[in-house]
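*Asks:* One letter stands for each residue in the lines below.
Protein chains: 2
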Amino acid sequence: MKINIFVTLKPGVLDPQGRAIHHALGSLGFEGVGDVRAGKLIEMEVADDTDDQALDAMCRQLLANTVIENYRIERA
Amino acid sequence: MKINIFVTLKPGVLDPQGRAIHHALGSLGFEGVGDVRAGKLIEMEVADDTDDQALDAMCRQLLANTVIENYRIERA
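Those protein sequence lines, which keep their order, are chains A and B.
Sequential numbering of the first sequence, starting at 1, is according to this note's numbering.
Sequential numbering of the second sequence, starting at 1, is according to this note's numbering.
Please note that the accuracy of each hint is not assured.
Heads up, the list lumps identical chains together, so a pair's fine if it works in one copy or across two of them.
Claimed, not checked - Listed below are the simulated DMTMM-like cross-link pairs for lysine to aspartate or glutamate, each with C-alpha atoms no more than 25 Å apart in a straight line:
#, residue 1, residue 2
1, Lys2, Asp35
2, Lys2, Asp52
3, Lys10, Glu74
4, Lys2, Asp15
5, Lys40, Glu69
6, Lys2, Glu45
7, Lys2, Glu31
8, Lys40, Asp56
9, Lys2, Asp51
10, Lys2, Asp48
11, Lys10, Asp35
12, Lys40, Asp52
13, Lys2, Glu74
14, Lys2, Glu43
15, Lys10, Glu43
No lab work stands behind these hints: they were computed from the structure.
Using the sequences and the accompanying hints, generate a full structural model.
*Replies:* Pasting the structure below:
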């Protein structure tokens, strides 16, 4: 089973990578770009009997820092 | 308009971050995890009249390295 996990910074957490992208897009002449936030996408192949609880545990223990990051699990 | 851009390594390109995640999940006792690939997610707020061509240009010029990465643009 294919799983996509999206890890994003919580609102209010400073995002230097997003700021750098925003600045660079402006320098390249792209207009109308507002807020930019950079996050992570983790694509995993897991056993079909992997339950939501296990996926949640993976995120909490390893993939996301829940102090500053949110995560979303999507079964592809 | 909110845009999500997913940047992933092309198949066949070595992914040390994905390998490290795979290894760490194994060490933590999670079983049945197969291939893991790490990618990027970029969330942007752009002007409503931004066309697909401009978004494509942003990806090609800055956000993705098209030699080794694929990108997918999603209007949220």
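*Asks:* Next, verify each hint and record whether it holds.
*Replies:* For each hint, the structure was consulted:
Taking CA atoms no more than 25 Å apart as the test, lysine 2 paired with aspartate 35 passes between copies only; the shortest distance there is 9 Å, against 30 Å inside one copy. Taking identical chains as interchangeable, the C-alpha atoms of lysine 2 and aspartate 52 lie at most 25 Å apart only when both belong to the same chain, with a minimum of 13 Å there against 28 Å between chains. Taking the shortest Cα distances, lysine 10 and glutamate 74 sit within 25 Å of each other both inside one copy (18 Å) and across copies (20 Å). For the homomeric pair lysine 2 and aspartate 15, the shortest alpha-carbon distance between copies (17 Å) is at most 25 Å, but the shortest distance inside one copy (29 Å) is not.
Taking the closest pair of Cα atoms, lysine 40 and glutamate 69 come within 25 Å of each other both inside a single copy (10 Å) and across two copies (14 Å). Taking the shortest Cα distances, lysine 2 and glutamate 45 sit within 25 Å of each other inside one copy (5 Å), while across copies they are farther apart (28 Å). In this homomeric assembly, lysine 2 and glutamate 31 come within 25 Å of each other (Cα to Cα) only across copies, at 15 Å, whereas the closest approach inside a single copy is 36 Å. Proximity of lysine 40 and aspartate 56 under a CA criterion of 25 Å is satisfied in both settings, with 16 Å inside one chain copy and 20 Å between copies.
For a Cα distance limit of 25 Å, the shortest separation of lysine 2 from aspartate 51 inside one copy, 13 Å, qualifies, whereas the shortest one across copies, 31 Å, does not. When the C-alpha separation of lysine 2 and aspartate 48 is checked against a cutoff of 25 Å, the pair qualifies only within one copy, where the shortest distance is 9 Å, while the shortest distance between copies is 33 Å. Only within a single protomer do lysine 10 and aspartate 35 lie at most 25 Å apart by alpha-carbon distance; the minimum there is 14 Å, versus 27 Å between protomers. For the homomeric pair lysine 40 and aspartate 52, the shortest alpha-carbon distances inside one copy (20 Å) and between copies (23 Å) are both at most 25 Å.
In this homomeric assembly, lysine 2 and glutamate 74 come within 25 Å of each other (Cα to Cα) both inside a single copy, at 9 Å, and across copies, at 19 Å. In the homo-oligomer, the alpha carbons of lysine 2 and glutamate 43 lie at most 25 Å apart both inside one protomer (7 Å) and across protomers (22 Å), since each shortest distance falls under that limit. When the C-alpha separation of lysine 10 and glutamate 43 is checked against a cutoff of 25 Å, the pair qualifies both within a copy, at 21 Å, and between copies, at 12 Å.
Going through the hint list in order, the structure satisfies each hint without exception.
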